[in-house]
Amino acid sequence: MSAMSPETILRVDELSIVYRTDRGDVRATNDISFDLKRGEAMALIGESGSGKTTISLALIRKLPKNAVVTSGQILYQHDSNVQDVLGLSRRQLRSFRWNDCAMVFQGAQNAFNPVLKIRKQFEDTARAHGWADKTAIRKRALSLLELVRLDPERVYDSFPHELSGGMKQRTLLALGVLLSPQVVILDEPTTALDILTQRAIIDVLNDMQRKLQFSIIFISHDLSLAAEMADTVATVYAGEIVEIGGVDEIFYRSLHPYTYGLLTSVPTLEHAQDVLQSIPGSPPNLIAPPSGCKFHPRCSFASDQCQVDSPPLQLDIGSHLAACWHKDRLLASRKEDA
Amino acid sequence: MLHDQQPLATDQQPPAPNLSLMTARLYDPLLKVYRNYTARVFLQAIITIWVVMTLTFVLVRLMPGNPVDVLVEQILTAEGISYQEAYDRIAASFNIDKDATPLDQYLQWLGDLLRLDLGTSITSPGTKVIDEIARFLPWTVFAVGTGLLISFVLGIFAGMPMAYYRGSKLDHILSFFSSFSTGVPNYIWGLLIIIGPGISWRWFDIGALRGTYDVGLTPGVNAEFILSALEHAALPVFTYIIAILGTWMLSMKSSTTGVLNEDYVNVAEARGLKERTVISSYVGRNAALPLFTQLTISIGFVLSSGVVVEEIFVYWGIGHLLFQSITVRDYTTLQGVVLLLTAVIVFSNLFADLTYGLLDPRVRVSGEK
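Which chain is which? The protein sequence lines are A and B, in order.
For the first sequence, this note's numbering assigns the number 4 to the initial residue and increments by one for each residue that follows.
For the second sequence, this note's numbering assigns the number 27 to the initial residue and increments by one for each residue that follows.
The following block holds chain A by itself, in its conformation from the complex:
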């Protein structure tokens, strides 16, 4: 891989992770590579179990105990100083977490310690990273809570159970950016929230990112969220990135049948309901994945080559990469449909 440009904050390089289980090794991610630029918002989309969360947990080294990183690097650049996250010592790792890279977990409902006030949990976080001035912490926290459109004073002095689900999610967002991290990972930031709260969270996120200038990696199976927030979209299938590119490239000129399948399985305002299609079959078994292209058993374009050879992630136009032998047939078929 080429040297990191100063604009690149995070580079994931051929990362492979295996979960050791009683039934065998689950290859959760396989040779994942991508760059995240300063201020960029990248969406990882894909079905449940495709390895999206594994990737994000690896970024802050919070993988379950039975996970093993078998190869790859996660390079983090800060003040033109490049570190491999996987090689950080315990102390370095502790300071890296939240200070450089914060993760807003899926389901914020239980993300807060139920017996401590929100105030205490903000203070704990700040103090763990060497910030002791309570008044300054309070000032910063209140301004962030204001930014996520909560009543700052009230929320700051509440216990978690006194907040609604959406309020907790937004509080967690505020806590996530408390230390001005360069990277914020959002794991399903809007699932389990009602549609209006989802809307509010998206607005808040866009707003915050514009004001605070951090990079976002977010994981979602909500394509409309990806369309709205992301600059770059990566489709993850069976632990591999099968397509990655700018948001318009992915949505209007998808080159992988799986990405296309995901898009056509979501209703839009323009199409009638009967045009909706689901992707046949189910996600592959990652203990014994299919040969060749892992998507071939579910793919309508599959040929003999697909069963044998795994297609490489190849550059198409601009920054658009896809791993498929039959990009041209997919594009042609889409023209016919239109």
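What the hints contain is simulated information worked out from the structure, not anything from laboratory work.
Fair warning: there could be bad hints in the mix.
To be verified - Residues from chain A that keep clear of chain B, each with C-beta distances beyond 12 Å, as calculated:
hint, residue
1, Asp34
2, Gly75
3, Asp225
4, Gly249
5, Gln310
Said to hold, decoys possible - Computed list of lysine to aspartate or glutamate pairs in DMTMM-like fashion (alpha-carbon distance at most 20 Å, straight line):
hint, chain 1, residue 1, chain 2, residue 2
6, A, Lys214, A, Asp197
7, A, Lys120, B, Glu295
8, A, Lys214, A, Glu149
9, A, Lys123, B, Asp386
10, A, Lys65, B, Glu288
11, A, Lys137, B, Asp289
12, A, Lys68, B, Glu301
13, A, Lys65, A, Asp34
14, A, Lys123, B, Glu301
15, A, Lys330, A, Asp307
16, A, Lys68, B, Glu295
17, B, Lys300, B, Asp289
18, A, Lys68, B, Asp289
19, A, Lys120, A, Asp154
20, A, Lys137, A, Glu149
21, A, Lys65, B, Glu295
22, A, Lys142, A, Asp127
23, A, Lys123, B, Glu295
24, B, Lys300, A, Asp136
25, A, Lys142, A, Asp160
26, A, Lys40, A, Asp28
27, A, Lys120, B, Asp289
28, A, Lys68, B, Glu288
29, B, Lys300, A, Glu126
30, B, Lys300, A, Asp307
31, A, Lys65, A, Asp190
32, A, Lys137, A, Asp160
33, A, Lys40, A, Asp87
34, A, Lys65, B, Asp289
35, A, Lys65, B, Asp197
36, A, Lys120, B, Asp386
37, A, Lys68, A, Asp28
38, A, Lys120, B, Glu288
39, A, Lys68, B, Asp197
40, A, Lys65, A, Asp87
Quick caveat: nothing in here was measured; it's all calculated off a predicted structure.
Every residue gets a Cβ at the ideal spot worked out from N, C-alpha and C, and that includes glycine.
Starting from the known structure of chain A, fit chain B onto it as the hints suggest.
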């Protein structure tokens, strides 16, 4: 909540509800008291105690023998007088009204109780039951309290690593000990301690450890007395610790295991908090919460189960008093001690219930709940 809606309902049908309004007015204050959580559980506690006391009153009198018979036998052989003479003499020396029916006794005793008067001992007239309890109780509270607190703290600190290193050798060894400690009753532990280190190996002189302090010492704040009291309490306290420790360890282990799977612990680690903070404020604090309830509840349990342990070590606490009064059928003292034990159990439960909210903000009780 219901109160707020009542006026609405009555507004719609003006003539009819007059009667119901009147009854409502009558019952409202009572209902209000009942709706108050604290008042309600307090009332339930009082009723529980009353039921237990009544049962005790009856059961004590159903026991074979009575206070007079116990002594008549002794006097008969010692002084060579007739049965009737011995009976009358002893009955006269006792603090009882022979003509009173059990019902009269019950009502009399209940009336005294309402004035917080436990009455006087039957077998040693002039000795107030309350004084007897006051004489013996502090030693029991001292021994049981010390044992309970030490085992609680040890259990919490031993239980957490068991959960952190679940499945390790450490966990297996500690789990085995915990099950053993919990499974063997405290009086068996007491006997084992007497037989093993006490008699077979002669690590200490069991005979000299009878009672609560060395004979001839004056109770007070002096080093000699305190040391002696500690020495005499050591074996019962050790027995309590050994016998309860396992329960705390297992409770803390399962509680910690549950908390370790909670999202907020995961998030706390992702927040880069110091390991010490996560262990104490996030894992430990949440895991120990349910144990505090258990602690208050177990006060009553250990107090009553300590009765036999005290007898084994001849430690003169409330258990010793209970045994004595059973032996001579001293009904009033017996009732007094049982009342005390019942009240401690019931009120420690109540206390646990009411104070849990102080520890866990989620369950702060409000009157309406």
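Check the hint pairing Lys142 (chain A) with Asp160 (chain A) against an upper bound of 20 Å on the C-alpha distance.
Given pair Lys142 (chain A), Asp160 (chain A) holds - Cα atoms ~13 Å apart, limit 20 Å.
Holds or violated: Lys40 (chain A) to Asp28 (chain A), with C-alpha atoms at most 20 Å apart
Violated. Lys40 (chain A) to Asp28 (chain A) sits at ~33 Å, over the 20 Å cutoff.
If I take the minimum Cβ distance from Gln310 (chain A) to any residue of chain B, is it greater than 12 Å?
Given that every Cβ of chain B is farther than 12 Å from that of Gln310 (chain A), nearest at about 40 Å, it holds.
Mind checking the alpha carbons of Lys68 (chain A) and Asp289 (chain B) for me, to see if they're no more than 20 Å apart?
The hint holds at about 15 Å.
Would you mind confirming whether the straight-line C-alpha gap from Lys68 (chain A) to Asp197 (chain B) stays at or under 20 Å?
holds, 18 Å
For the pair supplied as a hint, Lys65 (chain A) and Asp34 (chain A), is the alpha-carbon distance within the 20 Å limit?
Holds, at about 19 Å.
Keeping to a limit of 20 Å between CA atoms, is the pair of Lys142 (chain A) and Asp127 (chain A) held or broken?
holds, 15 Å
Holds or violated: Lys123 (chain A) to Asp386 (chain B), with C-alpha atoms at most 20 Å apart
Since the Cα atoms of Lys123 (chain A) and Asp386 (chain B) sit roughly 15 Å apart, the hinted pair holds (cutoff 20 Å).
Would you check the hint for Lys120 (chain A) and Asp289 (chain B), treating anything up to 20 Å between C-alpha atoms as holding?
Roughly 16 Å separates the two Cα atoms, so the pair holds.
For Lys300 (chain B) and Asp136 (chain A), compute the direct alpha-carbon distance and say whether it is at most 20 Å.
holds, 18 Å
Holds or violated: are the alpha carbons of Lys120 (chain A) and Asp154 (chain A) at most 20 Å from each other?
holds, 15 Å
Would you check the hint for Lys68 (chain A) and Glu295 (chain B), treating anything up to 20 Å between C-alpha atoms as holding?
holds, 14 Å
Hints 6, 11, 26, 30 and 35, counting from the list given before, are not met by this structure.
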